[in-house]
Amino acid sequence: MKVLLIDDDEDLMNIFTAALGKEGFETAYALTGEKGLEKVAEFKPDIVILDQVLPDMSGNDILRSMKAREDTRHVPVILLSNFSQEELVKGAIDQGAIDYLFKYQVEPKDIIAKVKEALKVQN
Amino acid sequence: MTNLELAAIASTVVFAGISLILSIRQRFASQELKKQEAFEKQRLYQISILKQIQDKIGYSLDVEKIAEVITGSLRHLFAYSSASSMVIKNDKIIFKTDVEQTVGPEYIDQVRKNMIMSLNALMKTPPIHIEEHVSGNPLDDRNKASVASFFNIPLAIGNEVVGLINVSSTSKDLYHEQEVTILYQIVAQASEALTKLQQILATEKGKLTSMIGSLADGVFMVDTNWNIMIINESAMQFLRLKSEKVVFTDIISSFGTQYNILEKINQALRENKQIVEEKMGLNDKVFKTFITPVPDLAGGKTSGSIGASILLHDVTIEQNINTIKEDFTHMIVHELRAPLTAIKDSSELMLEVFEDKGEIEKEQQKRLLHIIDQQSKSLLEQINHVLDAAKIEGGRFIISKSPCDMAEIIQNAIEPFVPQAQKLQILILSDIYFPLPAVDVDPIRITQVLNNLISNSLKFTQPGGKITISAKLDGNAVTVAVKDTGIGIPENEQEELFSKYYQIRTTPHQLAKKGTGLGLYITKGIVEAHGGTVGVISKPGEGTTIYFKIPVKDGAPQIIKGHLPQATVSNMVN
Chain A
12 MKVLLIDDDE
22 DLMNIFTAAL
32 GKEGFETAYA
42 LTGEKGLEKV
52 AEFKPDIVIL
62 DQVLPDMSGN
72 DILRSMKARE
82 DTRHVPVILL
92 SNFSQEELVK
102 GAIDQGAIDY
112 LFKYQVEPKD
122 IIAKVKEALK
132 VQN
Chain B
999 MTNLELAAIA
1009 STVVFAGISL
1019 ILSIRQRFAS
1029 QELKKQEAFE
1039 KQRLYQISIL
1049 KQIQDKIGYS
1059 LDVEKIAEVI
1069 TGSLRHLFAY
1079 SSASSMVIKN
1089 DKIIFKTDVE
1099 QTVGPEYIDQ
1109 VRKNMIMSLN
1119 ALMKTPPIHI
1129 EEHVSGNPLD
1139 DRNKASVASF
1149 FNIPLAIGNE
1159 VVGLINVSST
1169 SKDLYHEQEV
1179 TILYQIVAQA
1189 SEALTKLQQI
1199 LATEKGKLTS
1209 MIGSLADGVF
1219 MVDTNWNIMI
1229 INESAMQFLR
1239 LKSEKVVFTD
1249 IISSFGTQYN
1259 ILEKINQALR
1269 ENKQIVEEKM
1279 GLNDKVFKTF
1289 ITPVPDLAGG
1299 KTSGSIGASI
1309 LLHDVTIEQN
1319 INTIKEDFTH
1329 MIVHELRAPL
1339 TAIKDSSELM
1349 LEVFEDKGEI
1359 EKEQQKRLLH
1369 IIDQQSKSLL
1379 EQINHVLDAA
1389 KIEGGRFIIS
1399 KSPCDMAEII
1409 QNAIEPFVPQ
1419 AQKLQILILS
1429 DIYFPLPAVD
1439 VDPIRITQVL
1449 NNLISNSLKF
1459 TQPGGKITIS
1469 AKLDGNAVTV
1479 AVKDTGIGIP
1489 ENEQEELFSK
1499 YYQIRTTPHQ
1509 LAKKGTGLGL
1519 YITKGIVEAH
1529 GGTVGVISKP
1539 GEGTTIYFKI
1549 PVKDGAPQII
1559 KGHLPQATVS
1569 NMVN
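Sequence lines, in order, name chains A and B. Each number in my numbering corresponds to the 1-based position in the first sequence with 11 added. Each number in my numbering corresponds to the 1-based position in the second sequence with 998 added.
To be clear, the hints were calculated from the coordinates, so they are not data collected in a lab. In this text, all values refer to a predicted model and were calculated from it rather than measured experimentally. Possibly wrong hints are sitting among the right ones.
[Unchecked claim] Here are the in silico distance ranges between beta carbons for each label pair: (1) B:1326 <-> A:128: 45 to 55 angstroms; (2) A:67 <-> B:1490: 26 to 36 angstroms; (3) A:67 <-> B:1372: 21 to 31 angstroms.
All residues carry an ideal CB built from backbone N, CA and C; glycine is no exception.
Required output: the full structure, derived from the provided sequences and hints.
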């Protein structure tokens, strides 16, 4: 199972990919929205963990592009949100994200649990 | 007739005469007594009328009511056809006549004319408009009786005539000194009471005005006709009012569209209760606002309000402190919690590897250890910042000074930033104006200042930008400036730049670039500990220069080094 993480916090990416890798997931990460979209096409992830605020675009923009494309429309997306972004979360959920996690409260085990849960539901 | 008979007759006559004389004398005496009695009765009645008037007037300042009480109490004092009053109120004359004997409209016209003539003589410009009320016996249109005798007594507060009492009759020659004196005494007493009350009120109002005037809070009062009864200096300032004569529409426009003061006052009056606004923004300030109905104490409980008082308490500073507290909490969450979480997560993963709970690639293990290393260093740095700030605040910040070469400190401070600058495609230059005298500084602390300033500039400068660190002798101080071509700082934020926890308001993405917010506060503290000063020159979009001046001691040795103004330390990376 392939997990793609899109977030500009490199430390966080290293920790999450290590944790997911240890659980047997194949992982990749991107630090910008542009690279993220490239990776979506190229890496063909089974699930995407997406930061809502990226240096070059918003998580919602990526979500919208993914939903617009036939080959990525079905890929489940879990949002990473900052504090006090309830409005953004709501917008993203409306646009098809399946779940969200608060970035500053999330631990590797939460990510693993959410990913496992999402993929089980999908299958 | 016998002698005896004559004697008897004579004695009878004499006796009769004596008794007649006696009886006449007695009659005179009893008449005198009756007159005396009647006078005393009159006098007593006068006193009781005066007492009644006094009771009825009470502490009223209502001249109209007082005049009415007086005219209504004269019935038993002397005869009249009508008792009238004229009172000046709100730029008009209120004319009231109580008709006791049947008269016609012409009679009333005469009374009015007599009173107006008297008012004209007493006042410079009495009002023109007259409001007329006739009570008592109804007027008889056929009655052509005219005023045959009358007198007027003015009603005054202090030296100011505020009204007139008139007593008129259709009978001729009715009023003499005695009647005039009685009414004069009554009116004089009422006038005196009014004057005293007015003086007390003037004194109290004076006290109140000066008290309100000296308040730091803004206060103003409006009556129910929206007249401004009082407004103090602070309120004028807060509302940015300048004119001498403030009208309520000025106040409404001062509040602007941000706050509907009119509606709030109406609400307070309607509900008869105080309205408190915790945070009301006005002209860059925040006010706690109290809108309080002012009850009509004279009119008793049921008579409602005579207006409202509005108090503006400036809570801008408290608000700012609250914001700073929130910012600090935010800083703790992001700057201290984030590195700690990363350290915790990374070390947990590493431990699991060692406990054979899963596999992580060697390269990734190295990255996790690197995270632990970097984040713990960063955390230590942040904590040192907080400690330094606490020391500065507590006046416990100690520096150990020695004569130093500022050019050398600058060069050494720049070096560690070169790799990062290259990565970000930012040019770092030093620009030293030789010769420079030696400066008496703590080199570690001045390096810390330069680190703060350079790392700030790196955070807010775009790729392709430039950071220049200059030093030169400026009078009896060495000025060191860190100039960048970054985003700049808005003018209104420059003043608070060096305050504790100041951070440039950034977009959520730039959050990652935030530090403890203590950097510039510490910078200022360090420079001031050296007896120096800090300053900023900035224009949004063009860049920022932050400089500090370190005083040079008289006779400090000149450091003349061989090197020229030079030192391009980093190269552009394409």
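- Message: Does the beta carbon distance between residue 1326 of chain B and residue 128 of chain A stay inside 45 to 55 angstroms, or does it fall outside?
- Response: violated, 37 angstroms
- Task: Given the hint of 21 to 31 angstroms, check if residue 67 of chain A and residue 1372 of chain B actually sit that far apart at their C-beta atoms.
- Result: Taking Cβ atoms as reference, residue 67 of chain A and residue 1372 of chain B lie about 24 angstroms apart, which means the hint holds.
- Supplied distance hint 26 to 36 angstroms, evaluated on CB atoms of residue 67 of chain A and residue 1490 of chain B: holds, 30 angstroms
When the structure is compared with the earlier hints, a violation turns up for hint 1 alone.
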